[in-house]
Amino acid sequence: MTDDYEHYEAVVVGAGPGGAAAAATLARNGIETLVLERGVDAGSKNVSGGLLYAEESSPYTIDDLFPGFREEASDREVTEHYIHNIAGRNVKTFDLHDLHHHDTEWADSVLRRKMDSWLAREVHEMTRETGGGLLTEVRVNGLLREGAEIVGVTLDELDPIKADVIIGADGVNSELARDAGLMDWEEPDEWFQGVKAVAQMPEGAIEERFDVDEDEGVAHLFSGDLFENVRGGGFLYTNDQSLSIGTVFHLDSIADQRAEPQELLDNLLTHPLLADWIGDEYTELEYSAKLVPDSKKVAHPSPYRDRLLLVGDAAGQMQAQGPIIKGMNHAVTAGALAAEAFVDAKSRGDTSAAGERYVTKLENEGVMDKLRPTRYRTLGRLGEVGPVASAMNAVTDSVVGRTAISALGDRAESLFNSPFLMGMLPDTRMGYVTVPTVVAEQLGSPVEGESTVEPPELDDRIGDLTYDVDEGNPHIELRDNSFAASGTAVTACPVSAKDFGGGCYRDEYVGSNGTEEHVVSLDTQPCVECGTCAVVADTNWTHPRGGKGVEYEQG
Amino acid sequence: MHSVVLTKGVPDFREGQVSFDEDGHLERGKTPTVMNPNDRHALRAALQTKVRKGGTVSLMSMGPPGYMEVLQEGMRDVYADDLYLLSDREMGAADTWATAMTVATGIQKLDDPPDLVFAGFKTADGETGHTGPQTEWCLDMPLVTHVISLDIDDDEGVLRAKRLVEGDVEEIETVEAPLPAFVVADPEFEPTYRKAEHRLKHKDLREQTRERAAEFGEYLDDDSDLDVAEYDRFTMWDHTALNLDPDFIGLDGSPTIVAGVDPIPKAPSEREATMVDPDDEGAMERVVDELAPYAAGD
Ligand SMILES: Cc1cc2nc3c(=O)[nH]c(=O)nc-3n(C[C@H](O)[C@H](O)[C@H](O)COP(=O)(O)OP(=O)(O)OC[C@H]3O[C@@H](n4cnc5c(N)ncnc54)[C@H](O)[C@@H]3O)c2cc1C
Ligand code: SF4
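Just so you know, the protein sequences line up as chains A and B, in that order. The first sequence lines up with residues 0 to 554 when you count with numbering that gives the first Met the number 0. The second sequence lines up with residues 0 to 297 when you count with numbering that gives the first Met the number 0.
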């Protein structure tokens, strides 16, 4: 029976930047490559903030692999980058020029539906010539094994497929990584949760309000007390005709503080600092969310098993360089390196050595050190240990700390611009909340004006999304419906909220035999497949079948 | 593997497209003509065969020149390769028998005799379901109707199909028939592509046929000076080309006598209604009293 299975030299799972880079590199080397993507279109499942970096030190950037990328698939070249430290109305802005330009060839804003679907068309053409191609609406649901060895993939829509190499580029919450035992979804502190709104802009408004040329863009970051002590920050990037405004928070912080992600996003949208940029009419084109791995903690040092090589988010290769988020670029580099490793291994007649070669390349090209900086491993982590963290926090917020920050004055700006410092910032409240708040209070000045932005309610946000619901076939099941085990999802799920009946998670009290139990129930219909409840609740979590579920138009 | 799919244009009965006059008669002139919806299932079955086994799919119809648009639709949406229209005045007003005669002759005239002929189950306008089987009778091929899944074994030269017995979804039988054969696809027909290779080929075909359909569309454009007779994937045959005696086709060749057409009357409303003010408590109580016997199951 096994002999009947289709075979391709390479199977790439996922058509995000990691998968696209791998597939292009494989195809260029004449490897017969099949790319499998679960969305109706590449990009229809994907979310990013949208600042794609091409690093000078990187062996591969996306425009190396796809000439024409910047003309066709990205939005604006972002040349200015600021961070705003916020305390109430007080704002102190630092120019992140040096950090932004450090090791940067270019940085473009992108929207993922546009970007990934363009990439997918290119990839299909390239891979088709090798006898493979790219298919959408097919979901890989596991690994095909012979004995204990991984030899291919199994799918919902197709018969199993064997391959000499499987590139797992299936993003965060990779089912392949989980199946191979390379990643688990247990610890909230290993993940960030990103939530984003795309706001429509009238023609010419971006140029006028941000004072940029037609093809130029700006990036703004926000931190301080506007996020109710939840650790993380906000961003605003200019696209061609829209703004991407979002937040990225540590998932453990969202979970522990029972924060409502959509409300934190609204805090940003309605801050007076953004009023002039957004303008009087706020038109939200799309609300979206997704988990983001924290490479400092989860970048797998040896992301392969047998013929399976993980790249990008699937391998945890998502770097938070202080406030700057770099995931797409690393996915591209890793994808190309994994492909290269297979090509090398094949040319030496031993395809089974691809995994080892890939790890060596990640090390030699300096990728691993960006993802898991040695200095963070020692200094940063120390700062996260409970008593140390709260002591540091208290110092910053004390008279001593405040005096020090005042004395620093605008020299504080240069500290924010140090890639070295930003790489070792501990993940504590200090970095995200206390320092920015104190900076804003001591050095900032109040913003004038009021915001007139009225963000849509959650049910409107859900109502505006496109879904193809897989009736009677929910992709997530609650394993333990007690509030103690799964209640965090009621608030942490970006499309659920306490006392909101139209979301995925709800809590209720049910009485039986005179006792009252606090339980949660789940309806996957409005699910945006962000992955949050895979970590914070006790579930059997999978992605929907090919083509089913949410379909992002912007991403 | 050569498949021929028979299709017919029908009024577009979809909401917003169809228009009726005051007496409830269909206004043909104002209602666009589209491919008979059930014929899509036939085309899909033929396409599945082509994707899995290679070969070509020809789409054939008998009708007025306006049906060229219907053929184009079949090319664009369900990836037909070659289009045939059997058309002239003599063929007009044919019943199912005269149509079957004409279409069977068209099929026999093809240079590449088909291995499979497909028809959809019933047309949306006539609803007889006769044309397919009658054509098959003229061609003298084995007939398999109500097909919901299909597999071709070209080594053995047979088809294996699952079909609904008596059109009943509860009862499914598996049948085998030698090729060439005539297949009537049931609306329940579902093509399956469980191999990546097949899906990739399907994707290639979509690209190719979309381009072809657009090309054909340029010939059909009213403003174009291209001559549709020049388009190499389209063939139009009249009764002389088919060598058919006008007495045996069209209205003259149609033995069916329509005894009369009874409009289906609208059901007269026989129920009485009483308006109730929801704010009037007494009235609401009366409603509850009235409903009580029903609730009790009486
Ligand atoms: C709010 C937010 C802001 C961000 N901001 C930035 C930023 O500014 N800059 C930056 O560089 N990065 C940013 N990121 C991170 C970035 O989006 C990711 O690191 C990047 O997308 C990872 O790329 P990838 O190719 O590994 O995975 P993805 O882009 O997630 O692609 C995975 C693909 O695999 C498909 N797939 C998944 N499972 C299956 C399956 N079982 N079968 C078939 N297909 C499957 C998915 O549909 C998807 O197309 C942000 C993320 C978020 C959520
Ligand atoms: S149900 Fe889970 S995966 Fe879906 S949106 Fe909510 S938290 Fe995310």
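Quick caveat, the hints were computed from the structure, so don't treat them as lab data. Errors might be hidden in some of the hints.
Just a sample of chain A residues kept apart from chain B, beta carbon distances all over 12 Å, derived [claimed, not checked]:
| # | residue |
| --- | --- |
| 1 | Thr-126 |
| 2 | Arg-127 |
| 3 | Pro-271 |
Distance condition first, Cα-Cα at most 27 Å in a straight line; then the derived DSSO-like pairs of lysine-lysine [unchecked claim]:
| # | chain 1 | residue 1 | chain 2 | residue 2 |
| --- | --- | --- | --- | --- |
| 4 | B | Lys-202 | B | Lys-161 |
| 5 | A | Lys-161 | B | Lys-121 |
| 6 | A | Lys-113 | B | Lys-200 |
| 7 | A | Lys-325 | A | Lys-161 |
| 8 | B | Lys-29 | A | Lys-345 |
| 9 | A | Lys-161 | A | Lys-113 |
| 10 | B | Lys-52 | B | Lys-194 |
| 11 | A | Lys-161 | B | Lys-108 |
| 12 | B | Lys-108 | B | Lys-52 |
| 13 | A | Lys-325 | A | Lys-345 |
| 14 | B | Lys-202 | A | Lys-113 |
| 15 | A | Lys-113 | A | Lys-360 |
| 16 | A | Lys-345 | A | Lys-360 |
| 17 | B | Lys-29 | B | Lys-121 |
| 18 | B | Lys-121 | B | Lys-108 |
| 19 | A | Lys-296 | A | Lys-161 |
| 20 | A | Lys-296 | A | Lys-345 |
| 21 | A | Lys-161 | B | Lys-29 |
| 22 | B | Lys-202 | B | Lys-52 |
| 23 | B | Lys-200 | A | Lys-161 |
| 24 | B | Lys-161 | B | Lys-121 |
All C-beta atoms, glycine included, are put in the ideal place defined by N, C-alpha and C.
Hint-by-hint comparison with the structure:
A beta-carbon of chain B is positioned within 12 Å of the beta-carbon of Thr-126(A); the least distance is around 9 Å. Not every CB of chain B lies more than 12 Å from the CB of Arg-127(A), the least distance being 7 Å, so the non-interface label is violated. Annotated as non-interface, Pro-271(A) keeps its C-beta farther than 12 Å from every C-beta of chain B; the closest such distance is 47 Å. Proposed proximity of Lys-202(B) and Lys-161(B) is supported: the alpha carbons are some 26 Å apart, at most 27 Å.
For the suggested pair Lys-161(A) and Lys-121(B), the alpha carbons sit about 43 Å apart, so the restraint of at most 27 Å is broken. At most 27 Å may separate the alpha-carbon atoms for a hinted pair to count; Lys-113(A) and Lys-200(B) meet this at roughly 25 Å. A C-alpha spacing of about 33 Å is found between Lys-325(A) and Lys-161(A), which places the hinted pair above 27 Å, so the restraint is violated. A hinted pair counts as satisfied when its Cα atoms are at most 27 Å apart, and Lys-29(B) with Lys-345(A) does not qualify at roughly 65 Å.
A C-alpha spacing of about 31 Å is found between Lys-161(A) and Lys-113(A), which places the hinted pair above 27 Å, so the restraint is violated. For the given pair, Lys-52(B) sits about 13 Å from Lys-194(B) by alpha-carbon distance, which is consistent with the 27 Å threshold. Proposed proximity of Lys-161(A) and Lys-108(B) is contradicted: the alpha carbons are some 46 Å apart, above 27 Å. With a C-alpha separation of about 24 Å, the suggested pair Lys-108(B) and Lys-52(B) falls inside the 27 Å cut-off, and the hint holds.
For the given pair, Lys-325(A) sits about 31 Å from Lys-345(A) by alpha-carbon distance, which is inconsistent with the 27 Å threshold. Distance check on the hinted pair: Lys-202(B) and Lys-113(A) sit about 20 Å apart at the alpha-carbon level, within 27 Å; holds. In summary, the hint linking Lys-113(A) to Lys-360(A) is not supported, as the alpha carbons are separated by about 30 Å, beyond the 27 Å threshold. Our distance criterion of 27 Å between C-alpha atoms is met by Lys-345(A) and Lys-360(A), whose separation comes to about 16 Å.
For the given pair, Lys-29(B) sits about 23 Å from Lys-121(B) by alpha-carbon distance, which is consistent with the 27 Å threshold. The hinted pair formed by Lys-121(B) and Lys-108(B) meets the criterion: a straight-line CA distance of about 25 Å does not exceed 27 Å. Distance restraint check for Lys-296(A) and Lys-161(A): the Cα-Cα separation of roughly 32 Å exceeds the 27 Å cut-off, and the hinted pair is therefore not satisfied. As the CA atoms of Lys-296(A) and Lys-345(A) are separated by approximately 32 Å, the hinted pair breaks the 27 Å bound.
With a CA separation close to 55 Å, the supplied pair Lys-161(A) and Lys-29(B) exceeds the 27 Å bound. Taking the CA atoms of Lys-202(B) and Lys-52(B), the gap is about 15 Å. The hint holds against a cut of 27 Å. Restraint check: the Cα-Cα separation between Lys-200(B) and Lys-161(A) comes to about 19 Å, which is no more than 27 Å; the hinted pair holds. Among the hinted pairs, Lys-161(B) with Lys-121(B) is consistent with the structure: their alpha-carbon atoms are about 19 Å apart, no more than 27 Å.
The structure shown violates the earlier hints numbered 1, 2, 5, 7, 8, 9, 11, 13, 15, 19, 20 and 21.
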